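Undergrad: Got chain A; can you put chain B on it based on the hints?
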Amino acid sequence: DGGITQSPKYLFRKEGQNVTLSCEQNLNHDAMYWYRQDPGQGLRLIYYSQIVNDFQKGDIAEGYSVSREKKESFPLTVTSAQKNPTAFYLCASSIAWTDNEQFFGPGTRLTVL
Amino acid sequence: AQKVTQAQTEISVVEKEDVTLDCVYETRDTTYYLFWYKQPPSGELVFLIRRNSFDEQNEISGRYSWNFQKSTSSFNFTITASQVVDSAVYFCALSRYGGSQGNLIFGKGTKLSVKP
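Quick mapping for you: the protein sequence lines, in order, are chains A and B.
Our numbering applies: residue 1 is where the first sequence begins, and numbers increase by one.
Our numbering applies: residue 1001 is where the second sequence begins, and numbers increase by one.
Here chain A stands alone, though its shape is the one from the complex (with noise of 0.2 Å):
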């Protein structure tokens, strides 16, 4: 089956350490996202990546960090620098930049302790 599969589910760490969140798709899409989600908040775009080698920051970058070194993974690292890390974190992606139906991951619920 095709898709986009995100591990944990649930991920918890103690303040201060870094974590990197794991995007996997066997979709063959070009672009991937990631998005944050709060409590009665929608979902805000944290990074982008329109072919592989390449990211751009989204709306809330600040404190974490991206790679995009194989078309099929993104991981999404959450720095100590995040004031609030603690969230639900979504991947998605598209099958190019241009096409703005974009495909979900299960996501990530990270609590910081």
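You may find that some hints are simply not true.
[Said to hold, decoys possible] With a straight-line Cα cutoff of 25 Å, these simulated SDA-like cross-link-like pairs (lysine to any residue) come out: (1) Lys-1038/B - Ser-7/A; (2) Lys-1038/B - Glu-24/A; (3) Lys-9/A - Gly-63/A.
[Claimed, not checked] Now the stretches of chain B that chain A is said to cover, found in silico as 3 or more residues with beta-carbon under 8 Å: (4) 1039-1045; (5) 1106-1112.
It is worth saying that the hints were derived from the structure and are not from the lab.
In this text, all values refer to a predicted model and were calculated from it rather than measured experimentally.
Beta carbons: idealized from backbone N, C-alpha and C, even for Gly.
TA: Quick look at chain B alone, frame taken from chain A:
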């Protein structure tokens, strides 16, 4: 500025009732796309519909229907004869940059609870 407003934070209905979820958007683009996504308790967003700004025809898919009105900048979503499985958070979204790029702007969502 581009913006999506979903004024209804939470809606609760009894099974078999019809329910309409409101979405109002702001954009200066002449070409744009509007979307609805469903987020069930599992968390994954499920794509429901994409509508181009040039196509104002209403869309019906089973119990779901969408009413797009450019005159009022609205793209409302109606569920007919609601079912418990419809319980979810529903997001309306707008394409940025006229839809030529993948970026979407999401509303804050409406949580729908359908009680048996």
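Undergrad: None of the hints should be skipped; say for each whether it holds.
TA: To see whether the hints hold, each was checked on the structure:
no.: 1; hint: Lys-1038/B - Ser-7/A; result: holds, 21 Å
no.: 2; hint: Lys-1038/B - Glu-24/A; result: holds, 22 Å
no.: 3; hint: Lys-9/A - Gly-63/A; result: holds, 21 Å
no.: 4; hint: 1039-1045; result: holds (count 4)
no.: 5; hint: 1106-1112; result: holds (count 4)
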